[in-house]
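We have chain Z; now place chain P onto it with these hints.
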Amino acid sequence: KAGVTQTPRYLIKTRGQQVTLSCSPISGHRSVSWYQQTPGQGLQFLFEYFSETQRNKGNFPGRFSGRQFSNSRSEMNVSTLELGDSALYLCASSLTGGFTPGEKLFFGSGTQLSVL
Amino acid sequence: AQTVTQSQPEMSVQEAETVTLSCTYDTSESDYYLFWYKQPPSRQMILVIRQEAYKQQNATENRFSVNFQKAAKSFSLKISDSQLGDAAMYFCAYRSADNQGGKLIFGQGTELSVKP
Numbered sequence: 001k002a003g004v005t006q007t008p009r010y011l012i013k014t015r016g017q018q019v020t021l022s023c024s025p026i027s028g029h030r031s032v033s034w035y036q037q038t039p040g041q042g043l044q045f046l047f048e049y050f051s052e053t054q055r056n057k058g059n060f061p062g063r064f065s066g067r068q069f070s071n072s073r074s075e076m077n078v079s080t081l082e083l084g085d086s087a088l089y090l091c092a093s094s095l096t097g098g099f100t101p102g103e104k105l106f107f108g109s110g111t112q113l114s115v116l
Numbered sequence: 001a002q003t004v005t006q007s008q009p010e011m012s013v014q015e016a017e018t019v020t021l022s023c024t025y026d027t028s029e030s031d032y033y034l035f036w037y038k039q040p041p042s043r044q045m046i047l048v049i050r051q052e053a054y055k056q057q058n059a060t061e062n063r064f065s066v067n068f069q070k071a072a073k074s075f076s077l078k079i080s081d082s083q084l085g086d087a088a089m090y091f092c093a094y095r096s097a098d099n100q101g102g103k104l105i106f107g108q109g110t111e112l113s114v115k116p
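From first to last, the protein sequence lines stand for chains Z and P.
For the first sequence, the residue numbers in the working numbering are 1 to 116.
For the second sequence, the residue numbers in the working numbering are 1 to 116.
Chain Z extracted, bound-state conformation (with noise of 0.2 Å):
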């Protein structure tokens, strides 16, 4: 079974500019989570959805965004970036997002983001 595949691995923006991740979860997982991770505050929720519907939301501004497709894949956009959003950004996929008890969480290997 295929793992949780983040594309692109790397991208190099300038301030300003919008950016759009993909995150397609293992298949059968109707759930996706995102974090963001840098070295100052560390591992932060940002928002998950189930079943195309967001479901939670982290403290983040306005211009992170996300959406969930009918195949379960997932994207996250971030408009008129600044210097602090560079950061690894992490998705989640897990079957049906907690509402099953002992349900694992399979994370990707994140896409790293720097802003100029």
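Calculated from the structure, these hints are not laboratory results.
For each residue, glycine too, the CB sits at the ideal point set by N, CA and C.
Only true hints are included.
Where chain P lies over chain Z, by a calculated footprint (3+ residues, C-beta under 8 Å):
1. 33-43
2. 46-59
3. 83-92
Positioned in the frame of chain Z, the structure of chain P alone reads:
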């Protein structure tokens, strides 16, 4: 709000020896899940071990075991017979058992090095 604290930014262990990584958390909830994740240089987060708060018995997975002290809100990870491949960043994480889906709250991480 829940918080997770890892007080050891770095730890070192000799190959074949045992090491314990510390984690404390704060929550007012009675039902939740605790996790230890490993992040090697490949950046992919790998689940090491999981503990359900309602289970008094400490979880074990081969060379990995936890010491879960619910009253003290402590969740340490013990790695026995350490191997070179155990070198990585280790994150302690918390997830509510209520409708929080894929939202994990992470600690700041402990970087473990293994000396041959």
